Structures are given as structure tokens and as C-alpha cells.
Amino acid sequence: MHKKTLQRIRRVLAALFFLGITLMFLDFSGTLHKFLGWMAKAQFLPAVLALNFIVIAILLIITLLFGRIYCSVICPLGVFQDGVAHVHNWAKKSRYTYSKAHNILRYTMLGVLIVALIAGVNSLVALLAPYSAYGRIVQNLFSPVWQWINNGLATISEHFNSYAFYTKEVWMRSLPTFIIAAVTFVVVVILAWRNGRTYCNNICPVGTFLSFFSRFSWFKMHINEEKCVQCGLCTKNCKASCIDGKNGFVDYSRCVTCGNCMAVCPKEAIEYKHATAKPAPVETLRATSLQTDENDNETDNTETVDTSKRAFLVGSAVVLGTAAFAQEKKKVDGGLAAIKDKVIPERKTPIVPAGAGSLNRFRTRCTGCQLCVSQCPNDVLRPSTDLMHLMQPEMSYERGWCRPECTACSDVCPADAIAKITKEEKTSIAKGRAVWVPKNCIVTANGIPCGNCARHCPADAIEMVPLQGDETGKLLIPAINESKCIGCGACEYVCPARPASAIYIEGLEQQRLI
Amino acid sequence: MKDISRRDFLKLLGAGTAVTAATMVGCQNGGGDLDPKGTIQPQKGQMTYRTNPNTGDKVSLLGFGMMRLPVIEDEAPKGASGRETPAPIDQEMVNRLVDKAIEYGVNYFDTSPAYCQGRSEHSTGIALSRHKRDSYYLATKLSNFASGTWPRKESIAMFYNSLKELQTDYIDYMLLHSIGGGEDGMEMLRQRYYDNGILDFLLEQREKGVVRNLGFSYHGDIRIFDYLLSRHDEYKWDFVQIEMNYLDWHYANEINERNTDAEYLYEELTKRNIPVVIMEPLLGGRLANVPDHIVREMKEREPERSVASWSFRFCGTFPNVLTSLSGMTYMDHLDDNLATHCPLKPLTDKELNFLEDIAKKIYDLKNIPCTACQYCMPCPFGLDIPGIFSHYNKCIKEGNLAKSQDENDYKKMRRAFLIGYDRSVPKLRQADHCTHCGECVHHCPQRINIPETMQMVDEYVEKLKQGTL
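So the protein sequences, as listed, match chains A and B. Per the working numbering, residue 5 is the first one in the first sequence, and the count goes up by one each step. Per the working numbering, residue 69 is the first one in the second sequence, and the count goes up by one each step.
So here's chain A without its partners, still in its complex pose:
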């Protein structure tokens, strides 16, 4: 095997996975996930949460055979870091040094994840999951750029009377999630720029978990001592800082089988083959904790999030004045009446997509990767701002409603938090129920006939009935049949009362068939 072959194969595969996953997040038209959805389903933590034993087994077998190639090919955050480090390599070659594994730190992080999983501190799980961290970065930072470019093309295509592109509104779904994504991005870029795979070595619980298996992998990087001249080039080019070239030692728990050492070795002394591991030399066991400062920055992220949920719900605090609607008097012809933005109602129970089963089931499975958020064509899904469930999606209907023909979120969810459902199933799953607020309704508050909620209810769950005490007989109010309501939010979305809708959806803890 040519000394660069492994590196090349790895690069090509990594590029394919990385581009595929990134594009799947960026593609808001929902076409790519049909072809690329398996790439998300191949991610480790989502597979664990989905209890997808086949994927888990395959990933573990791969690791046992080839080492942590998962980290350098399948994991988009890992490949992203390699990309960043690679750019730095152009300016400064051979800049890495060997360092000892920080076992306390990495096992602590793994422990934190396991405890968080068991204790149901879902926001912590979502924060630590590498694939989800990358998903958040794409959704919050890259997709606005992508959509702005798309919108530029849409303007051009409109100019030429073409329907090739359509405008997609760019909006911030959740400030805390955006901040977390931005901080993660900055931290990961800085770490990768300076020292390659610091994050993967010390923080990433998936990497640490796989390290238990990679130690025993069948194929390994093996330093042939007969050929080795101890030049140290391999050490200087190991972004995982796991080769102690002077002593001919490779730490297989951190090696991601990238093949860079093989590629640079002038003597072709490094071989990728079956060999037994050589124990770590005693002198390298000296404890160094150089990088822990940086790592602390990373863990600080969790604390930077304000504990007050209300701080992020500024909008909804303004809610619920008195009159819901002030009619503008027509004097001259033309012009458009101003439309107030709707505020998010304070729902006692959040609404989660049909297929989630129950709030509890959903929350123990979702890793907050934002793939469903990025795919929701109706701008309904957004990350939660609730501290315990930060970044896990929930629904709201200011910008659109959960349309009957769409099952995008259930199609893409890699963790099975939103189980796969058909359109037919969707229309019979109740995820919430409508609640009428008379003080906001233009019929009761302003005496204007309406009925828009009833006209748009796809489940036929709203009937307009006479308002008691109304002598004109023209005023009808919505009568909601809770047993038919599926909580799609059509009524809430089209309700003319602004800023607070006079009819809104309260989530159900347990979704059910109607």
C-alpha cells in the first residue's frame, strides 16, 4: 500500500460524509434527506437514543476492526475540526506535539453524559453530543448564509420570471441556542486551529466511548522500529497528539486512523496493520494539564446559559393586553393595514411533533441536532428555550401551522425521538388541543363576525355557535370539540387577533390517536 493511500481514502470518504450531512441540514426544500438521511442515522449518539442496535453494532465492529475512523470520517464535527486544522497546516506545518491523555477529564465528560442521559438532563446531553453540536452550528450559523444566497438567487430568478428558486425567510428561532451554537463554533475552531483534535481527545463522550474499543482494534498504526529513525515527523503531524515518536508509542485510544503519520513518514516506517499494542513508556506518564484551561472554557458553556427561561420569552411577556384588535377606519382608497407580529402564547405544556409519542419519550431521545428544525417547511419547529430541554425542538404557530401534507420532521429524525409516521397517521394523531380565549376574540371583544378558525380546521373540530346574549344573531363563537382536535395550529395561525391569538394550542403530554 502506498503510504498516502489510507490518508486519501479517508479524506474522500470524510469529505463525502461531511458534505452530505452539511447539505442535508442546509437543504430546506426537503429533497436531499431522501438520499442522505442514512448519514444522520449512522451517527452514534442518535443511534443509541433510537436504540438502533444494528447501527450501534456496525459502528462498534468498524471500530474494533479499524480504530476510531468513525471520528475522522462519519462524525461531521470531527471532520470539521480536521478542516480547520488543515487550513492552519498550510501556514505552519509539522506543529503538533505529543501529549498524554487527560483521562480524568475525558472520563468525567463521559460520566457526565451517562448521568445526564439517565437523569434526563436533556440539555446537557444535547450540548455534549458531537453530531448535534455540529448540526446546531450549521442550522444557526451556516444556514442563514445559505438562505441569504438562496434569496439572492430567488430575486434574480423572479426577475427572469423563473420559479427555480423561492425566498426563504431567515429568522432566529431561539437566541440561547444561537448563542450556544456560536460559542461552540468559536471554541471548536480555536481548539482545532491550535491543537487539532483537542475536543475529540478530551471533551467528546462519543470519542471517549469509542476509545475503549479502538484500543483493541484489529488494524492499528504500527511503528516499525527497524525502519524508524526517530525523526519525530509523525508526532509533529499527529493532530490527535497521540504518537510519541521518540519512544515508538501510539495511544490507540485517541488515534482516529487519519493516516497523516503514514503519509509524512520519510522512511515508510508506519504501517497500518494488525499488531499488538505496545504499552505506554513510563516517562510519558507524567501528568501535564496544559490544555485544561481551554477545556474549561468549553464546559463553561453550560453555565453561560441564563437560568431564567423568561428572559428569552421577552416577547410573550408583552402579551395579553385588553382589546385584541383595533380596526383601522377606511378613509381613502388603497394602502395596507399594518399587521402586528404574533407573540408566543405561554403554553403550560409544550407541543412536540406528531410521532413523538409522549413528551417524556421525546425528551429522553432527542439530541437537539436541529435537523428537524432545519427541515420544517412551515417555520413551526424551533429549539426550546426551557433550560432543562434547551435546544430540543418544540412547536409554535406564529409563522405557519403544522400542515397535514408534511411529515418532514418524522422523516429525518435520526434518534427516533420523532417516530416515522405517514401523512394519514399524522392527521389522526393529537399532539395538542385548541383553547379559546374570549377576551382576545374579535367576535366577543369587538363584535366583529369571524369564524376563520372554524373555516380552516382540517379536523373539523370547530363549529361556530351563536353567542349567547347577541340579539343580532350574527355573532358566532367557536365551539371546540376536544375529541377531534389534533393540535395542528391552523386555527391559531389564521386567528386575526393580534398580537395574542384568541385561539391557541395547548400541548398534550401524551399524544394519542383520535
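In case anyone wonders, no lab produced these hints; they're calculated from the structure. Please note that a few of the clues may not be correct.
[As the list claims (entries may be wrong)] Residues from chain A that face chain B, not an exhaustive set, calculated with beta carbons under 8 Å:
hint, residue
1, E409
2, H460
3, A463
4, V498
Being a predicted model, the structure only gives us computed values, none of them experimental. Every residue gets a Cβ at the ideal spot worked out from N, C-alpha and C, and that includes glycine.
Assemble chain B onto chain A, guided by the hints.
Chain B in isolation, oriented as in the chain A frame:
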């Protein structure tokens, strides 16, 4: 006065028009003439005029409607006029339009206190005050639609404000604005012009010469039209403004059973020798913007004339028409209309029959009969009513209104309809937000049942989105 039907009139017109067939001038081999202009050009001093039998005014057959004034381009959506957008009126462009119109002989300018979100009279006043007052006729209206303007004091204030805005001390053509509208047309007429004595006030102003001609513009309930004509002996209407074009001639009633064919209106007025001023000769541009196969038919007959010209020639063919009002936003609108009217070439019998066929074809398209006049706006719930209807009609015109999923181009049509919908109308101003409050219905001169039509559009959109068409 004798009842002149279209046919009689044509006989009367007789040979005259037949001979005016244009003789070809220029190069025999083609392509040699370096003058890039087409052969049909407006000729200065050749404007066709009609005489008002009451005052002897010689009125240009093309009248300038000040309802769709241009706005400063950078500040408004593409193609919008001062009706649709609050962007500032482009006064310099208005001045240029008016100057050129007057240069070519247009002398009738029609405005209203309600037009262009209340800014038309002011702008018209600025543009026209730069010309000699006796070089043009000014038409405006008492547009007391809002109930707040019904009290005598308010309506009279509106009248005097018109004089002030138009920078004049007399109005040549004064109209009661849009009679026949409202839930109960008769009741509305009473409240706007009878109970407050405003009709008497306007009659007095005519006596005094502040109003030179008094008339009314009519849309809607035919009983009101008949009633006002039945009292013609008393009021002596100097003119009446009606909606007329080749589609409304025979199809107004078929399109909407609550409306009356223009033929009836025209004949009734002609019987009484009341001159007719025409509004909506192009139905808000719809008759200039027809599907390709209709364009083709028109161009086969008159390759050098515009699609719009057919409608103006139709109107101008009727001798009792005083003027056809056109809301010209752009210079090319004016240029084209001048070419049609300087001089006007009346339609032949054959051409009239041809237009009758075209009218049938346009009727069969089942467009929403909206002229985008914006009288319904602003909708209190923020809907862009004309925007929604225009988009629907545009899709009919461009063949993008799929009837079922089995059609060959269904996917393409669906995409064009839905993407185009979001492009034309912001999501929160689309049909699904109509509350059926009915506020708009009484303002619509076309008497479209707007809430029902909204629901129709919304249901269509839902079928497209859900894939259940």
C-alpha cells in the same frame, strides 16, 4: 333623440372608415427605411375630440385618469402605482406625463379626493397649475364614502378642499362618486347626498358656475342608476360616468349577476342625450394583459397596434362617448394611448364581431373580475385583496391554474402558482387570513363577493399544497 344602436351607428359611419385603410409607405424591399419608428404614431394636432352638447366643450376622446399615478421607483415594489403603495408620488414624472398629454391634445383630467391614498388631487393640482386654466377640463368627485364625511359640513369641506388642492376656483366636471354601491345602494345614496343636502349644494354650485357640469359615476345596483335617470328632467345631468369596454358590453351581467351590461347603461344615457364618460376601458389593465392566444389573434389583425388599443377603439367607436379615461402610470402607457387616439380609427362591423368573440373567450377564462382599483383597501385585517386576485388572474393568463393533478404540467403549474403567490403577497396578507368580516364588500365597484372569492382562492391553494386537486 333617436335610439342609436351599434349597428345603426356603423351604417351611419359607413364607407368613411372603410376607406381609411393605411397606405404602405417606405421601402419596397423592406428593411431599408432607417426610421426605427413603427407606422402607427400619434400625430400632433390629430387628437379626436367629442363635443359636449350642453356646454359645447370640445373634449379629447382620451382622458387622463389620475388614479394610478407613478411613485418614486426605488421606494416602491416593482410596478406599483400610488394606489397600492404609500411611497411618494413621483411628481416630476406626473408633470412630464401631463405636459406630453396636453402637448398632444389631451384636455380632460379626472381625479378624486380618495385616489392614490388621498394624494391624487394635490399632485394633479401641481401638474396642471403649470398650464393655462382654460387649456384643460378638470373632473373631480365628492368622495364622501366614509360615514365620518356624511355630515353636510364635512362633505362641503371636502368640496372646497378639492378646489384648494387643484389650485382652481371652478370644477369643469363634478361627480357624485360611485353611486349604486354599498349594502343598500339607495340608503347609501340618501345618506351621502340627499339627507345632508349635498346634491342641492352641488346643484347650487352649478348655478353659480363653480361647477360647470354635474354628473355621477355609477357602479353596482341598477335601481339607483335608473332612479337618478328618472329624475333627469329635474337634475339635468350633464354627463354620466360608467364602466364600459368590450367585455362589460355583454358580459358584465354574466360575470356577476349583480352587475348590469354596459350596453344597457350606454343606451339609456344615449336615449336621454346624456354624454358618456368611460371608466375602466381596460378593466384595470386586464384587457391589456390577455393570454397569448388572444394576443396572437389580435396581432394577426392589427400587427402594429397594441392589445390595449382594441379596447380604446371599441369605446371610441360609440358616438355618445365623450371621453375614455385611462389611468396612465408610465410614459409608454401614454404613448400607446396617444397613438390610438391621434386620430382614433373606429372599429368596423367585422372588428366589432371579432371583439365579441374575444369577449366570450375572456369570459370563459373565469377570471376574478377585479380591476385592482383598490377601493376595498385597506382591508382592516391587512390582506392584500387586489394582490391575491391579481396573482390568481395572472396564473390563469399564464396557464398556471391547474385543474387536476393529472394534467401534464401539473408540477410546473403548482410550483408557479405557489411560489408566485408568496412572491406577490406576503404570507400574512394571503387569503387564509380573511375573516369574512365583509368590510370590503360594499366598496367593490365590481361587486365581487370578496370573502367568498377569498375562500375559493384559499381552498384552491390548500388543494395545491395538500396535493388533493
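Evaluated hints:
no. : hint : in the structure
1   : E409 : holds (5 Å)
2   : H460 : holds (6 Å)
3   : A463 : violated (13 Å)
4   : V498 : holds (5 Å)
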